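**Q** Below, each chain spelled out in residue letters.
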Amino acid sequence: MIQLVPIEVTVNGRARTIEVAAHHTLLDVLRDDLELTGTKECCLVGECGACTVRLDGQIVDSCLVLAVEADGGEVTTVEGLADASGALNPLQQAFLDYGAAQCGFCIPGQLMAADDLLRRTPNPTVAEIQEGLAGNLCRCAGYEQITEAVQAVAGGRDR
Amino acid sequence: MRAFSYERPTSVADAVALLAEHGPDARVLAGGTDLVIRLRDGSASPTVVVDVKRIPELDPAIREVDGWLVIGATTVMTEIAADVRVRRRFTALAEAAAVVGSVQIRNRATLAGNLCNASPAADTAPALLTYAAQVVAAGPDGGRRIPIDELFVRSGVTTLRRGELVTSIELPLASPPVGSAHVRRTRRRGHDLASVTLACAVDASGVTRLAYGSVGPRPLLVVDDTGVLANPAAAESERAAILEHMFAEASPSPRSMRAGPDYRLAMLRVLGWRALATAIARLRDGRLAAGE
Amino acid sequence: MSALVGSSPNRVGGIGRVTGSQAYVADIRVADVLEAKLVTLDCAHARIISIDADAARRVPGCRLVMTAADLPQPVPRFGPQFRDRPVIAVDEVKYHGEPVAIVVADSNDAAEQAAALVRVEHEVLPAVVTVAAALDAEAPLVQDPAIRPDDPRSSSNVLREHRVGWGDVDASAADLVVEHTYTFPMVTQFAIEPHAFMAAPDGDGIRVWSSIQHPNWLQRILAEVLRLPLSKVRVIAPDPGGGFGGKQHAKLEPLVAFAALRLGRPVRLVLSLEQTFQAVRRAAAEVRVRTGFRRDGTIEFQDVAADYLIGAYADIADRVVGKGSYPACGPYNVPAARIVARSILSHTTPSTAFRGFGYPQVNWAVESNLDEGARALGIDRLEIRLRNLAHKGDAFIPFDTPADGEWDQSVRKAAELIGWDTPTPAGHGRGIAVGIKSGPTTGLSHSTVRLLADGSVVVFAGTSDMGQGARTVFAQIAAQELGAPLDWVTVVMGDTAVVPYDQQTSASRSTVLMGNSVLFACRSIQAQLRAMAARLHGLDESEVTVDRGMVRIPDRELSVIEVLKPGLGRLGGELIGNGEARKEAEPGHPLGGAPAFFEFNCTAIEAAVDEETGDVTIVRHVTVSDVGRSINPLQVRMQDEGAAIMGLGHTLMEHYIYDDAGRIRNLGAIDYRIPTSMDLPLEIVSETIENADGPGPYGAKGMSEGALLCTAPAVAAAVRDACGAVIRDLPLSPERVWRAIQERATNGGREAER
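Protein chains in written order, with the numbering used here: chain E, 117 to 275; chain H, 20 to 311; chain R, 50 to 803.
Derived by calculation from the structure, the hints in this document are not laboratory data.
Just so it is clear, the structure is predicted and the values come from calculations on it, not from any experiment.
Honestly, I wouldn't trust all of these hints.
[Claimed, not checked] Label-pair ranges, simulated between beta-carbon atoms: (1) ALA151/H <-> THR179/R: 47 to 53 Å; (2) ASP596/R <-> SER201/E: 38 to 44 Å; (3) SER270/H <-> GLY65/R: 50 to 56 Å; (4) GLN174/E <-> SER275/H: 46 to 52 Å; (5) LEU204/E <-> ARG78/R: 22 to 28 Å; (6) GLU661/R <-> ASP168/H: 24 to 30 Å; (7) GLU244/E <-> ALA118/R: 55 to 61 Å.
In this text, a Cβ means the ideal position worked out from N, Cα and C, and glycines have one as well.
Isolated chain E (complex conformation) (with noise of 0.2 Å):
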């Protein structure tokens, strides 16, 4: 018998009221339900970051909440940086200005975890951004690049 919790969630800014099974993970929710499908699917057991979002002011591997935990939250995923015009947000434009994405599947989970970094880190070292980012999985192995990307915005440089 499948248990069927009404919850409510803001995500992306946008107030939403659900019907979530209680035991689908909020990953579930927000690829199957919600289609927001620009967070991925891939270890499912927390250790390859591809499923990352912004729970409540944190990030979290969105595979291992439950989506009824999110009740009452502010989930932002991937589809949340750019701004309401559509402009990319800066970390956005520097994975692209400085080759970050090569298949793409690791980066939604990339520039979340990169967001955050930056959020409590504003200028980190590269050390710092290879632990805040450590979550998440290349298997392309852009990671120097990636790293470029995230320095470039904590410098503010310019390509």
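Dock chains H and R against chain E, hints included.
**A** For chains H and R alone, kept in the frame of chain E given last:
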């Protein structure tokens, strides 16, 4: 994932009642970083999941009460690793909390959950053992304080009774200050489960407390109160003998995927020396916190 | 206009990747889609006795449970080399994770629930999962001998033996012979996007979505298996979220297609990461190398015996063995050689293509053995390589493509960047290794380019852009040749109904083959522009040249638009150019053709070893690749660094762990370790040598695999140089390095310095 019913009690009493009622068919959900994995792979198949994060009595803020530093059941690793009091007085715990998984994991994983999951490799357990922490639990027959070294039985099993819920983990502020350190062995520099995890604390009276995990069914605490280990001027052979004796009960599993038993035993010694040296240096220099 | 080729404009298609709007297969929403889950057994080898799906079918929302019995009989088999893989397991499960049934339901929950209720009565059988076990005289046969009736090896687990050689190895007079055996583990591609497939009936045909690197090849396989004409099979191939070879060939698309046709509705199957690990991997290998040297370090002979452990079905694995072992002697002049490489079947995940395509395994062995010789002879390890290195034009593999690069430039550059001649800091060690990989041996890439009335451009090119940046490269070429701004170029890929035929995306071929195809298509348009200008200005065509978006007539220069607009006139329209890049097969050649180019790389490493724990720190990682011409230098660097770091994975931490019953123990991301951002070299330097001497556009060669070929031998050499630990079995995990250090101690102290 199999379906289950989700309960969100708003008081400790209600949570305890649920746990008492359902016994092994109920699982506590705090951070979810262990439980959700088990729910998905079927190694946990509860009928009821009890989310304890909306219980106001379980304050996530770390606070000082009656000579104890109180870490609530819903306090996450990120807060523990960043707390100035933990970093100064209980350095090994801050260091351990800082290496549990990634930023994303640490923002959710709780200390209580780490302990109740009872993995022999739990990184926070050795530190808590060296500090003689206490686990406070509420239960159907009232509350009790469980010394940390009476909590672990073996992998996945603690001494918590049916219906009991950990409400806090408490560290004694009145104990003499120590120099302490946490070290571990992993397969890569990136986040990993430890194949050896170890903490060491040395106090001004020369007592050395050393605890280690992932080399047996439960984390172990060993104490040297001769003062020899804590004394860097003592003969190396004498100190080595004491350290050897401390590791006598280590029994790493031959079936582990993460590392073979002989490597683990060798690393126990290597890490033991390193943690001991760091603990002594920190006590001596008064640089109690890493990076201070 | 400024040259686009050789600059690094932002990635075409990059915006979708940074906004999350990029649709990978699992993101594509199709109305009325049903969800599928697989039923597998927890064993490596079993005989299927019966399958009871009654309880499963009763689950509300369950629409179909399909097994071998529900497919056309005999169950169709497919594969890029042999038609050996059945659409679903028939009578036997031959590897841990081989699907036994597919369940299709209204929702993931219902499909999961139903799949858990399918009862498969089975008898577990002994499994062979190592070379030794597979070759044992008593070993169970992985394949039914009846499949290869004329093959003398059909009563063994040796699928094929490849022999390459020249000169007379046994008559060689070497002053020193060094012989060792090296092993390379089973590793998996671990693209961050797990495999995903979707199929839907499409009129009287079918539409199939897949994260496939070779859409046209998949189309062919599906057409054959489903008995449909090619024109009724449409393959949609969105950009894969990483491929690395693991997504080259058909896996579960035929099964999903059958399910969709049975149900008359779209069916979607998204694999978990664990299932992906069970689906694809690299061949493991045991390589015995016997190298003969003269006293001055020149190589007299190479005698290489490579046993590759492939999986239960051949996939493309035997081609990997043949092609990967072919240049086993490396980029050196070797007077006599004998290379014997075998594909050995086992009850394991079918190995398939993986960046490097069989060559990293032998290079690990051959380069390590070369170092052994250098040490024994007291010759510097850089010097011995320069001494033997083939020079441009050398027929270093007789009757094959001669050495096609100034390879010594890459080696000297790498040596300079690592500071080879400077003193090594205490506790550090250095290693250097070279490698080549054969480029495509045959090839066919069509493309169509359309120059639209306003000067904008559409390029149709069937390459799969899985991160290497093919889309951008083709856009750059078209923009440059036709004078369009880069953001006025649209590149269409990944749809067999719309995009002309491309053989495949692999072998680092696409910049060369598809790039040339696009270039030829642009030249065709340029020719049409020439004719147009001649007509408009009353000139002879020979008086008109078109070069990079400018049309030159005797007295002035016109832009493309200034010719195009009046040229198209009232009717408007567009100019269409088709390009074909073709490399024909050479029937006498052991590989079917000589390679179009070689990818050459030199990697140099400086490492430090914590001798108490076995931890290896890569202090400096230098990679230099001979690329001909970088069309997009940033993308080249990204691919080179990416390959280098991926190489660190199998060098330091990656391997499947099996239990005694042949089941994979470390499925999933927790216990299969790949490099994270914290596992990078302290410093990584990637450089290129560009002599415009490649067969591709503007002198380009292919690249992206080179840096992965040399990582392991260079790192192991640096580790040995640092602490004397001798390791011949990858990965160099901390535990293994520690163990080698202990063994070094019992063998009597540190090895001599380099």
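**Q** Now, for every hint given, state plainly whether the structure supports it.
**A** Taking the hints in turn, this is what the structure says about them:
1. In this structure the supplied range 47 to 53 Å holds for ALA151/H paired with THR179/R, their Cβ-Cβ distance being about 49 Å.
2. In this structure, ASP596/R and SER201/E meet the distance hint of 38 to 44 Å, their C-beta atoms being roughly 40 Å apart.
3. The supplied range of 50 to 56 Å is met by SER270/H and GLY65/R, whose beta-carbon atoms lie about 53 Å from each other.
4. Look at GLN174/E against SER275/H: about 33 Å separates their beta carbons, and that is not inside 46 to 52 Å.
5. For LEU204/E and ARG78/R, the Cβ-Cβ distance of about 24 Å falls inside the hinted range of 22 to 28 Å, so the restraint holds.
6. Between GLU661/R and ASP168/H the Cβ separation comes to about 29 Å, which falls inside the hinted range of 24 to 30 Å.
7. For GLU244/E and ALA118/R, the Cβ-Cβ distance of about 58 Å falls inside the hinted range of 55 to 61 Å, so the restraint holds.
Hint violations for this structure: number 4 only, all remaining hints satisfied.
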